[in-house]
Amino acid sequence: MKSLVQSPGLDFHKREVYLGWGLVFPSVFIILSLILYPIVYNIFLSFFDVSLGSSNTYIGLENHKNVVSDVFFWKALMTTIIYVVCTTLGTTLVGLIVALVMNKEFPFRGLVRSLVLFPYVAPVISVVFSWQFIFDPVNGIVMDVLVERLGILSDRVNLIGSPSSAVWVAILFSIWKNFPFTYLMILSRLQGIDQGLYEAAEVDGASGWEKFRHVTLPEIYFITGSIILLRVIWNFNKFDEVFLLTGTNVKVLSVYTYYKAFVGTMEMGQGSALALIQFILLIGFILFYVRKVLKW
Amino acid sequence: MKKLLTVLLVFLMGVSLYANGQQESSEPEIKEPVQIDFWTTETQSDRQATIQVLIDTYQIMNPNVTVKLIPVDENDLATQLNTAAAAKNMPALIEVGAENAVAFGTEGLLDEKAATDMIGIIGKDAFYAGSLKLVESPTSGSYYATPYHGWVQGIWYRADWFEEAGLQPPNTWENILKAAKYFYKPDDNQYGILVGTKAEAYAEQCFTQFAMSNGAGLFDKDGNLVFNSPEMKEAVEFYAELAKYTPPGPQTWRARDYYLQGKMAMFFYSTYIMDDLALADVAAGSLTNENFTELAGNSFDPELVENTRMASTVSNRKDAGYGVVNSLAFPAQGDAAKTEAAKGFLRYLYTPNAYITFLHMAPGGMNPVLKEIASNERFQNDPKGIFKNYGKDKMVEIIAGLDSIETFSIVEGNRIAAASTIFSKQIIPQMLYKITQENIDVDSAMAWAEEEMNKLK
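So the sequences go chain by chain: W and B. With this note's numbering, the residue at position 231 of the first sequence is 614, and numbering never jumps. With this note's numbering, the residue at position 140 of the second sequence is 671, and numbering never jumps.
Source of the hints: derived by calculation from the structure; they are not laboratory data. Don't take each hint at face value.
Here are the simulated lysine-lysine pairs, PhoX-like style, with alpha carbons at most 25 Å apart [as the list claims (entries may be wrong)]: (1) B:Lys-849 x B:Lys-764; (2) B:Lys-919 x B:Lys-764; (3) B:Lys-902 x W:Lys-458; (4) W:Lys-458 x B:Lys-986; (5) B:Lys-752 x B:Lys-986; (6) B:Lys-902 x B:Lys-644; (7) B:Lys-562 x B:Lys-764; (8) B:Lys-965 x B:Lys-664; (9) B:Lys-644 x B:Lys-655; (10) B:Lys-956 x B:Lys-664; (11) W:Lys-448 x B:Lys-986; (12) W:Lys-458 x B:Lys-764.
Fair warning: this is a prediction, and the values are worked out from it, not measured in the lab.
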């Protein structure tokens, strides 16, 4: 019996290949066991009536049918779409505008640039508590300003508590919390644009808007496109910010899934089915977006 | 605080070691080292520190037993215990409301025999009979858990405001509604009453008293669901009407701060509020607006305790009181050694010194279920001097109230286990939330609740 290394069948190239596999094996193994296994097990569970005490019963597509025929699922999907569209548009626009401003020369620019990052780096749980206090209907500053000082509203309302307004507070919160990331990415791209392009445009007599439209925008197109994709993926699955701020008032899909699977009657099977449907929707969107917008 | 705890620890150890020497060792000795988990619903850090002192003391006396204290929010308890059961990782001892104890017991999550044994050892006659009734299983003389402490609920109100306005105390539906309307002045940022409108246990606690005072139950004595009755509908409608005079949006017990700030006339609360009302430094820990003098409202009023009264019964068709008993239960975790260790620790928790130390964490809120302790001098003399403010007679009266608590789950002496399940699934709070926050009409919301209740059978 010959040892592996001395084997005449293994040339230099093959040994490189084995070494490569050997080196990536630990991380591949960890990824498979911690990410792929739960996903597969989740898909598997979605075909069962899951019972915590006794064994599970196979029920085919029953869970998926139940979920899709439930009006609350469609409400949750609608809420999710509103949430994702508004937060993505909001973070991108605010991030873009702030990045354009920060790209100009002004005193203390370095300090301001780093201060803008604050909402993004602050721990979510602590800012959530301050937002809840700010929006408290009786003691909060928002109602004091809107009702007592400006008289815009005639009655004090509980913006975070009421199901109809809570989603808008959650959207506002998400934009405030996450725009610095967009800003940071776009700003770094802006700094890399060749100044010669602007000079050439000026020679051609381009106005400020035309310079933005024909030079800046094409230069930041792909970075912005990628950030939008990431933001959609992140916010489509967003749980922490929404749940911590509004409890189960804003039932986006992930909160709705949690509510189904772990609150009250604990429909684990339906929870799995929901997670699967959410996953398929997201994958579908990613494939479409990558082809059409990012032009891969 | 730390110093106090250290002194407490030393004191307890001294007393316990002495007492241990005196007592004949009736407890089974634990020979092998064993570690048990103890879930408590006392999630506040100062309470945990006190319980930890009790545990440390116990561990010194019983070196083979390690007790790990794990705080679990009351609202999450059902979810957590079910998850732990599925993961075969149940604690050996939990502190749990009597309603939940019965619900868990019915699901087979609790060791009934261990609890019944312990009640026998402590002595059935030592307990207030009412508290035992709340944890009894369908088998007479068998118990899902051992009652540990309890509180009584009522409407706390501004007696000075009522007097000035010439209003009667809020003890009947009519008086309550009249006062709620009178004091509801949203333009001045002042509200009439606080009733629970968020889908949490607090809403059910407030609502139960109204339903009971209207003779509306969930089940008849044979266990048939009679939720959808005219009496119940009347109670729900009345509750929805009261909710209009509550601060905006879904509210829960936390909004009692508005009362402490002088922005509210009445609120439902248990005797737990006694220390907040009586002690300026405790109240100062709650929200005040002295740093925001521009904001509408007043800062904390030291006269508040003298101006506050409690109406413990609500009357309409009949009088109804409400309270809750907390118990200690042994989850059926399947390891006999751990159960034995948990039994030993539980026995220790009922010894006068440990028991009184535990109860004094929340004077007024935690009242003993053992008659002997209620009249104990050391118990009456709480470290914060709160009981003195109310007087010994009033205190004994409040504690004796534990004997006449009414709940949905006991109808004419029969225990209806399904009612406890309904409580732990929070169906009624969700119904009240739908009506008061999502503007769903009373009939459809009640129909929804009835459907959910039927699903549980």
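Which numbered hints fail
Numbers 2, 3, 7, 8 and 12, in rising order.
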